[in-house]
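Enquirer: Sequence:
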Amino acid sequence: MKLIRRFEIRRAMGLSSVVAGLALLSLSFLAASPWHVDDRGAWRSYLHDPTLALRPHHRSEEGHRLIDRGPEMTSLDLMTGGQYAPRPGRQFRHAACGPVSSAATHPEEPTSTSGQRTWTAPSVGVGSHLVPTSVGSDGSIPLVSAPDGVWDNQTADIGATTGATLLAGHVNHDDGHLSPWGKLHHLQECSPITATDGTGRTHEYRVTDLYVVAHTELSEHREFLRRDGPPMLYLVTCAGPEAPGVMPGLFQYRGNLVVGAELMHATTHPGG
1 MKLIRRFEIR RAMGLSSVVA GLALLSLSFL AASPWHVDDR GAWRSYLHDP TLALRPHHRS
61 EEGHRLIDRG PEMTSLDLMT GGQYAPRPGR QFRHAACGPV SSAATHPEEP TSTSGQRTWT
121 APSVGVGSHL VPTSVGSDGS IPLVSAPDGV WDNQTADIGA TTGATLLAGH VNHDDGHLSP
181 WGKLHHLQEC SPITATDGTG RTHEYRVTDL YVVAHTELSE HREFLRRDGP PMLYLVTCAG
241 PEAPGVMPGL FQYRGNLVVG AELMHATTHP GG
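Read in the working numbering, the sequence shown has 261 at position 261, and its numbers run on one by one without any break.
Source of the hints: derived by calculation from the structure; they are not laboratory data.
Ideal Cβ positions, reconstructed from N, Cα and C, are used throughout, including at glycine.
You may find that some hints are simply not true.
Unchecked claim - Quick list of simulated restraints, FRET-style, between CB atoms: (1) Pro230 - Arg201: 16 to 22 Å; (2) Thr51 - Pro142: 35 to 41 Å; (3) Gly136 - Leu54: 40 to 46 Å.
Please construct the entire structure, taking both the sequences and the accompanying hints into account.
Expert: Here it is, written out as structure tokens:
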């Protein structure tokens, strides 16, 4: 009986040593990982999905440590424990685009029901349907679920020859996969954007602006809502760190990516 007890005690001690060794190995591995214990979301992220420790890490412009989940998803922000939406590698304003070639072809329009507004960015292979909405008096933009977006019906309609047209949409789906709006940061100067108005007529725009503004400053950009001046199309989505505690249906990040595009010409409806 004593021999059996000794054997059980030794076996228990052996198992304890193995567990302690594995724990020490895990701590050593985590200590070597490119994050620090002051990153509030790190422990939670790794415990939820240990494979994230094998993903590439990098720093954001704000100095946050990010886990890169690939080109089709938002990054994970180890500083906040939330998501991090893409930012453009290079921002630009007021790009000068040359004359449009008469031989230029129009990209294929998104499949839509008659009278539904859409936009397409063929250079990055994305597009979205739009539903009308109205910006609130506080500057908030009620959004619909991705991949769709909204057109602020208090601004000029798509294709209008004066004033600004404001479109907006969520940068990602609920599971973190990027929506069509989440690919807009790849646009370059003079990239084409084709937008369809409520009558089914398509209008050609070219990108002249790509920049990020703080979400708290978005309502100060009155150029998005102007009713006069040259025609401009603005597409607005999110960028940067996620902002906790935001009501569903609104922008949920601390920054906003803005794409500005100038109207080039319109084409008639295929049946018009």
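Enquirer: With reference to the structure, classify each hint as holding or not holding.
Expert: Evaluation of the provided hints:
no. : hint                        : in the structure
1   : Pro230 - Arg201: 16 to 22 Å : holds (19 Å)
2   : Thr51 - Pro142: 35 to 41 Å  : holds (37 Å)
3   : Gly136 - Leu54: 40 to 46 Å  : holds (43 Å)
Hint compliance for this structure: no hint is broken.
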